[in-house]
Amino acid sequence: MSWNRKHLLDIESLTAEEILTVLETARAFKAVGARAIKKVPALRGKTVVNLFIEPSTRTRISFELSEQRLSADIINFTAEASSLKKGETLKDTARNLEALNADFIVIRHSASGAPHFLARVLNASVINAGDGAHEHPTQALLDMFTIREEKGGIEGLKVTILGDIVYSRVARSDIWALTKLGAHVTLCGPSTLVPRVFEQMGCRVTYDVDEAIREADIINLLRIQHERQRKTMFPSLGEYSSLFGLNRARLARTRPDALIMHPGPINRGVEIDSEVADCSRSLILEQVTNGLAVRMAVLFLVNGGKGPQEVAQA
Amino acid sequence: MAETQILNGAAMQRALTRIAHEIAERNEAGNEVVLVGIERGGAPLARRLSELLRGIWGQPVPIGQLDVGMHRDDLDQRLAPDMQPTVIPFDVSGKTVVLVDDVLYSGRTIRAAMDALNDFGRPRRIQLAVLIDRGHRELPIKADFVGKNVPTAQSESVQVRLAELGSPDEVVLEKR
Chain A
157 MSWNRKHLLD IESLTAEEIL TVLETARAFK AVGARAIKKV PALRGKTVVN
207 LFIEPSTRTR ISFELSEQRL SADIINFTAE ASSLKKGETL KDTARNLEAL
257 NADFIVIRHS ASGAPHFLAR VLNASVINAG DGAHEHPTQA LLDMFTIREE
307 KGGIEGLKVT ILGDIVYSRV ARSDIWALTK LGAHVTLCGP STLVPRVFEQ
357 MGCRVTYDVD EAIREADIIN LLRIQHERQR KTMFPSLGEY SSLFGLNRAR
407 LARTRPDALI MHPGPINRGV EIDSEVADCS RSLILEQVTN GLAVRMAVLF
457 LVNGGKGPQE VAQA
Chain B
281 MAETQILNGA AMQRALTRIA HEIAERNEAG NEVVLVGIER GGAPLARRLS
331 ELLRGIWGQP VPIGQLDVGM HRDDLDQRLA PDMQPTVIPF DVSGKTVVLV
381 DDVLYSGRTI RAAMDALNDF GRPRRIQLAV LIDRGHRELP IKADFVGKNV
431 PTAQSESVQV RLAELGSPDE VVLEKR
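Sequence order for the protein chains is A and B. Residue numbering for the first sequence follows my numbering, beginning at 157 and increasing consecutively. Residue numbering for the second sequence follows my numbering, beginning at 281 and increasing consecutively.
It should be emphasised that the hints constitute simulated quantities derived from the structure, not laboratory data. Remember, predicted model here, so these are calculated numbers, not experimental data. Keep in mind that the hints are not guaranteed to be accurate.
[Unchecked claim] Each computed DSS-like pair below joins lysine-lysine, with the alpha-carbon atoms no more than 27 Å apart:
1) B:LYS375 to A:LYS195
2) A:LYS186 to A:LYS307
3) B:LYS422 to B:LYS375
4) B:LYS375 to A:LYS194
5) B:LYS455 to B:LYS428
6) A:LYS186 to B:LYS375
7) B:LYS455 to B:LYS422
8) A:LYS314 to A:LYS186
Could you put the whole structure together from the sequences, leaning on the hints where they help?
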């Protein structure tokens, strides 16, 4: 077990051992969620700022509840209700928050690298809650936790990520985590959304959906990121659904023990059919529950980490 | 690093047997006693004591395991500790909870354990059983049942090795 980082900025810079440390720590925090009193004093007296410059519901709620269960004090800050609307820069906003003696800043931002920037200019611990199309490290960690819990391990598993890869920060973080932990990753989707350049990350790229899911142990579905697509990347949602959506017919051609994951929010009838989303092989709600445990573990670990400042050279 | 053996496997077994008899003597109504081992070393010791007590009372004694990592008072001053899930599969309210740990030192772990236990209910009473008491208390905490008192210097460390954690049973004193 090892963790000496002050920030969680991305999965790319983590070692397999560090990832496993988070997952092991999260097991202990998952047990807290099953108690009558779901709260521990680990971050008592600490202040967390949730700086959500890009809209988010489930990640923000998950972080908030995780922080409350660790007994931290919380300030929520959203773009709509902030001085960013009045022309303040991110740096000034963050420094003002730090002047309030915030210990942790959880940031969601539409610009890739925003958390890395904050980590360089602030003394607080910075946790990336999603930066543009770059990374979403806590989502990848909760995905790894869920897979490990269901399958007993990650090494050697065949994992297929299906959908909009190029605009997805979840895909990038998942690919980093899965390959570091020894899984075989296959990417599939429309060729405009799954460029071959991802082969450089150690993945297999295919455009044949039936072949991509036939041998998979885990099928991770991703939502079409309309908000990030600058031009039309495929003809229509109906066509996407018929060519790439996971429906009952396609599910029947997978291994009987293949499990379905999705980071949410799901678009029923587009990337996933209702009956697939609600079937017993779907882990979608397990992922939400595990997200709390993993985020508690991350906050707990970075609280103990004192550096070396991994962003110093960035 | 020089090592001195304090207890071998047989002596450890005798110490635990004696602790079990003392627990049985102090708590005659055996059905109200539960054991809670403090991770990591205390949890396997609690399982062994539970077996011994079952032999004495003729009925099973429930066991739980408690990790105090989330309740420590020094989280700011150290790296985050390794943690195991806390599992208390019974209601502690009204029970006599015997906390079990391998080494009693500053007493801070026990304080954290009593805090953590409060989140699970209100025990009738809490007692403390430790295999080794090495002194140097920093809090007003005292064990009810002690396997062996070992005078130590603060520069020394006490290692309890257990078969359940991968090495033959023994307790050694390490001088740095």
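Quick rundown of the hints versus the structure:
1. For the hint pairing B:LYS375 with A:LYS195, the CA-to-CA distance comes to about 22 Å; that is within 27 Å, so the pair holds.
2. About 17 Å separates the Cα atoms of A:LYS186 and A:LYS307, which keeps this hinted pair within 27 Å; it holds.
3. Proximity of B:LYS422 to B:LYS375 is assessed by CA-CA distance (about 20 Å); at most 27 Å being required, the pair is judged to hold.
4. A distance of roughly 21 Å separates the Cα atoms of B:LYS375 and A:LYS194; the hinted pair therefore holds under the 27 Å criterion.
5. Annotation: proposed proximity of B:LYS455 to B:LYS428 holds, straight-line Cα distance about 19 Å (limit 27 Å).
6. This hinted pair checks out: A:LYS186 and B:LYS375 have alpha carbons roughly 26 Å apart, not beyond 27 Å.
7. Only pairs whose Cα atoms come within 27 Å are accepted, and B:LYS455 paired with B:LYS422 is accepted, the gap being roughly 25 Å.
8. For the proposed pair A:LYS314 and A:LYS186, the alpha carbon gap of about 26 Å is at most 27 Å, so the pair holds.
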